[in-house]
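Asker: If you want the building blocks of each chain, they are given just below.
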Amino acid sequence: MAEKRRSGVVGTTTTTTMTSSSSSSVPPEAKASRSESDRLLLSQLGVGELLRGAILKMVEVRSDDPIGFLADHFCNLASVSSPPPPPETSGRTDPPPGSAFSNNVLVAFDLLSDAAPPPSPPGGVAPEGPTEDGGSGTAAVGPGASGSGVRGRLYTQTLRCLCGEGGVPAATSAPLVSRLRCRDHEAVPYDIFRQGVLTCAAFSDFIRQAQRLYAEVCCPAEGPASRALCGAVLGTLREALETSRGGGEARRPTDAGVGPGGPEANLKASHYLEASAKISPDKVAQVMARGAAAEGAGGEMDAKEFENAAAELFIARGGLGGLAMHGVLSGSVICYCV
Amino acid sequence: MGYLAETNVLFYLNDALIQLLEHREEYTQFGVTRYFAEYFSSVKNSNHVLFREYNYIKATPHNRASFIKVFWRCFRQIGRSGDVLSVAEYSSVLQLLCPDFPVELVQSTARIVLVDDTVDYLMSFADFLYAFQLQFYYQEFLASVLAIYQDLLYGKNPNTVIVPTSIAVEQLPLLATEENSTQELQEGVEASTLAECINGLCDRFKQSHPPRSCMLDVLQQSPKVSYYSFLMSLSKQDAVNAHIGAL
Numbered sequence: 001m002a003e004k005r006r007s008g009v010v011g012t013t014t015t016t017t018m019t020s021s022s023s024s025s026v027p028p029e030a031k032a033s034r035s036e037s038d039r040l041l042l043s044q045l046g047v048g049e050l051l052r053g054a055i056l057k058m059v060e061v062r063s064d065d066p067i068g069f070l071a072d073h074f075c076n077l078a079s080v081s082s083p084p085p086p087p088e089t090s091g092r093t094d095p096p097p098g099s100a101f102s103n104n105v106l107v108a109f110d111l112l113s114d115a116a117p118p119p120s121p122p123g124g125v126a127p128e129g130p131t132e133d134g135g136s137g138t139a140a141v142g143p144g145a146s147g148s149g150v151r152g153r154l155y156t157q158t159l160r161c162l163c164g165e166g167g168v169p170a171a172t173s174a175p176l177v178s179r180l181r182c183r184d185h186e187a188v189p190y191d192i193f194r195q196g197v198l199t200c201a202a203f204s205d206f207i208r209q210a211q212r213l214y215a216e217v218c219c220p221a222e223g224p225a226s227r228a229l230c231g232a233v234l235g236t237l238r239e240a241l242e243t244s245r246g247g248g249e250a251r252r253p254t255d256a257g258v259g260p261g262g263p264e265a266n267l268k269a270s271h272y273l274e275a276s277a278k279i280s281p282d283k284v285a286q287v288m289a290r291g292a293a294a295e296g297a298g299g300e301m302d303a304k305e306f307e308n309a310a311a312e313l314f315i316a317r318g319g320l321g322g323l324a325m326h327g328v329l330s331g332s333v334i335c336y337c338v
Numbered sequence: 001m002g003y004l005a006e007t008n009v010l011f012y013l014n015d016a017l018i019q020l021l022e023h024r025e026e027y028t029q030f031g032v033t034r035y036f037a038e039y040f041s042s043v044k045n046s047n048h049v050l051f052r053e054y055n056y057i058k059a060t061p062h063n064r065a066s067f068i069k070v071f072w073r074c075f076r077q078i079g080r081s082g083d084v085l086s087v088a089e090y091s092s093v094l095q096l097l098c099p100d101f102p103v104e105l106v107q108s109t110a111r112i113v114l115v116d117d118t119v120d121y122l123m124s125f126a127d128f129l130y131a132f133q134l135q136f137y138y139q140e141f142l143a144s145v146l147a148i149y150q151d152l153l154y155g156k157n158p159n160t161v162i163v164p165t166s167i168a169v170e171q172l173p174l175l176a177t178e179e180n181s182t183q184e185l186q187e188g189v190e191a192s193t194l195a196e197c198i199n200g201l202c203d204r205f206k207q208s209h210p211p212r213s214c215m216l217d218v219l220q221q222s223p224k225v226s227y228y229s230f231l232m233s234l235s236k237q238d239a240v241n242a243h244i245g246a247l
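Line order of the protein sequences matches chains A and B.
For what it's worth, the UniProt record's numbering labels the leading residue of the first sequence as 1, then goes sequentially.
For what it's worth, the UniProt record's numbering labels the leading residue of the second sequence as 1, then goes sequentially.
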């Protein structure tokens, strides 16, 4: 696209030989007509709303890299609005182009996947229940299934690394990893790999947000906060979680006519909005006021304990619900801190 | 609004819209969302300045750094092969990337490298590149420093210098083209006095300038300094290179 771009009148006083010469030689009525057609075109394309949404999000987040933020924002929007690819016989759905996270997950999966199918296990495949490795296992594919995947042990290590690199202590992430892990010898297909990676990435971010929430609400500089106050704040998280449960568990639309803007998606969005309202700054302030009144009763809760309690909420939801919880908390902490 | 102004986002949004309207048949066929995604991705990856007009590439610090990066990427082979080029040749090379890139700026760069007004001499790619980076990225600031330097040289009070933010740098008189002025520019001024003036300039200058500590360090190296020797030393500082972030 770069080579196609030529001069544009960008509001500078100095003109160049390459500047489009329309400004000096076009009669005023032609300029007005062109301006009107430009306005009409932009309106038809929905550019105003598109840019307004992008700017509002950018200002809300106040990223240190606003250009990068806009690039990712429009890439994600473009990937959502593009039609889904046809189903692959290998069982792996390639992500739409421009989705940075999905692209990275796909590359990681390809790198980690074995070229040859994994060796046969001593027993059959048991998708649920405790395994001999101590993990609860997930619905991984055993050997003999079509296509290769990532070895279970490598998959589990990847999840641990993701949590660790996200700043989550091993003890905090251990319960989540034990729920997501697979048996060492199992081959993990792409869908499960992606879901596990996404869950751990969201969990890491969720824990960081919970740490920020503790720091903002409970003023750790003055020492550990009161247990009653922390309990009250965690209670709002739990309440928001229960409210978002409907959004997190909304079934994926199976009707081909239901897309991102369909009734299922709207219901999901309304649950999230309602959940966000439960943890809005004024709600938290009310809860804190009640908690402050009961301050002193029940001792103190330090940051670590608060973090572990928040982690339990995420893990108890599991899967999509945990991701929904993460979305609720992220937006709310950002609003609160701003 | 302060956040939007600091980040130059409105500038890029404005340019994106202008480009969209000028090439609407081509850019709308895959949808406007895809268009904006590609536009901002190219800005993020510093690929957006290629073949654009000079006013665009100098419009923001990010554009300037991107142009320096693109120049290096496209022509680093010159450095590897050890070729030395003249001002006219470097100017032609730059105009391959930016058709209306001003030759005056290339001449100013040559003066830094050569500490002279003899712009016919040949320059290595590395020497030219780092001097060009300094001159192009901080051109407004350097113009102000030159004005201060000249005032000090002629015994005037440098506090009366007006920062030329509204004048295109290419329009400022290039006194080094005259022989006696060149000689005066090479004579030098008290480094400590120049350092004080630059310190004051940094406090009130609104656009980018080299790291203050780096400039003061350079000025501590000798009691007297000339304008071009100061710039030549500055162009070789790692801190300046890191501050621009292009190379």
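Watch out, some of these pointers could steer you wrong.
Pairwise CB distance ranges (calculated) [stated by the list, open to error]:
#	chain 1	residue 1	chain 2	residue 2	range
1	B	Q221	A	S35	55 to 65 Å
2	B	R204	A	S35	37 to 47 Å
3	B	D238	A	V26	44 to 54 Å
4	A	A30	B	E187	14 to 24 Å
5	A	E305	B	T28	17 to 27 Å
6	B	D120	A	L56	54 to 64 Å
7	B	F51	A	V26	49 to 59 Å
8	A	P27	B	Q77	46 to 56 Å
Derived SDA-like pairs: lysine to any residue, alpha-carbon spacing no greater than 25 Å straight-line [what the hints assert, rightly or not]:
#	chain 1	residue 1	chain 2	residue 2
9	A	K31	B	K224
10	B	K44	A	V80
11	B	K44	A	I55
12	B	K44	A	L56
13	B	K44	A	R52
14	B	K44	B	L122
15	B	K69	A	K57
16	A	K57	B	G31
17	A	K57	B	K224
18	B	K206	A	V80
19	A	K57	B	F11
20	A	K57	B	S42
21	A	K31	B	D203
22	A	K57	B	D203
23	B	K44	A	S35
24	B	K44	A	V61
25	B	K206	B	A126
26	B	K224	B	D203
27	A	K31	B	E140
28	B	K69	A	V59
29	A	K57	B	L17
Far from chain B by the CB rule (all over 12 Å, computed), these chain A residues [stated by the list, open to error]:
#	residue
30	D38
31	P66
32	G68
33	A78
34	Q157
35	C161
36	P169
Since the hints were derived computationally from the structure, they do not count as laboratory data.
For every residue, glycine included, the Cβ atom is placed at its ideal position computed from N, Cα and C.
Asker: Let me make sure I understand: some of the numbered hints might not hold for this structure. Which ones are they, in numerical order?
Answerer: 4, 5, 7, 9, 14, 15, 17, 18, 21, 22, 23, 25, 27, 28, 30, 31, 32, 33
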